[in-house]
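Quick mapping for you: the protein sequence lines, in order, are chains D and Y. Take the first sequence: its position 96, counted from the start at 1, is 96 in the numbering used here, and no numbers get skipped. Take the second sequence: its position 93, counted from the start at 1, is 93 in the numbering used here, and no numbers get skipped.
One or more of the hints may lead you astray.
To be verified - Covered stretches of chain D, as calculated for chain Y (at least 3 residues, CB under 8 Å):
1) 39-49
2) 64-78
Claimed, not checked - FRET-style restraints, in silico, Cβ to Cβ:
3) S28/Y with K40/D: 23 to 33 Å
4) N52/Y with E53/D: 29 to 39 Å
5) P61/D with H45/Y: 39 to 49 Å
Simulated from the structure, these hints should not be mistaken for lab results. From the three backbone atoms N, C-alpha and C, an ideal C-beta is built for every residue, glycine too.
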Amino acid sequence: DTAVSQTPKYLVTQMGNDKSIKCEQNLGHDTMYWYKQDSKKFLKIMFSYNNKELIINETVPNRFSPKSPDKAHLNLHINSLELGDSAVYFCASSQKHRGSDEKLFFGSGTQLSVL
Amino acid sequence: SQQGEEDPQALSIQEGENATMNCSYKTSINNLQWYRQNSGRGLVHLILIRSNEREKHSGRLRVTLDTSKKSSSLLITASRAADTASYFCATDPSGYSTLTFGKGTMLLVSP
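Throw the hints in and build the complete structure from the sequences for me.
Quick look at the structure:
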């Protein structure tokens, strides 16, 4: 069973459209994250949720809205897609959000291409 | 701001050789972690070293940490073609378990 699963794996869409990426973890972790990886492989944190509560929002545009219906799910909705949103989006989870020695478990990524 | 910086950006070696990757960071840390990313896949945790540790081993992996120089190195011994991947260091400067990643080192191991 995949520990952190995200769908879809590929997403090709036109500028201006709205799209969602779903993420689920079956590890029983409290904390989930969204990371964005650009074409140069730089991985940047976008959001962090702990037990359905938003913990971190790293100056991401309002067009990006995460939603966590329960602690096992963290979805990402993107409005009015722009060319610069093209990237690979990774969902991740960790057992807890505070304290040291937390390691992340990543999904396999969603490659978003905005045309 | 970006915390970790790996070097080299790319490394090409033959099977059986050792591969060494370095990571430098800017602020004090609780721990430093190394992750591997195979092409088209998510990152996989390899090893964690705490700020009060100097060296750690896991199988063919050896990690060192020098907090005075704010640097770490990852050594993969007796490399295999399957080790071909990108390797990232990550730190948690805030202590809030929000890891900050470097840009990674792309390792190519040729048979």
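Results of checking the hints against the structure:
1. As drawn, the region 39-49 of chain D meets chain Y at 7 residues by the rule of a beta-carbon pair under 8 Å; at three or more, the given contact holds.
2. With a threshold of 8 Å between beta carbons, the proposed coverage of the region 64-78 of chain D by chain Y is violated, since 0 of its residues qualify and at least three are required.
3. About 27 Å separates the C-beta atoms of S28/Y and K40/D, a value consistent with the hinted range of 23 to 33 Å.
4. A hinted range of 29 to 39 Å for the beta carbons of N52/Y and E53/D is consistent with their spacing of about 31 Å.
5. Between P61/D and H45/Y, the C-beta spacing of about 29 Å breaks the proposed range 39 to 49 Å.
In the structure shown, a violation is registered for the earlier hints numbered 2 and 5, in ascending order.
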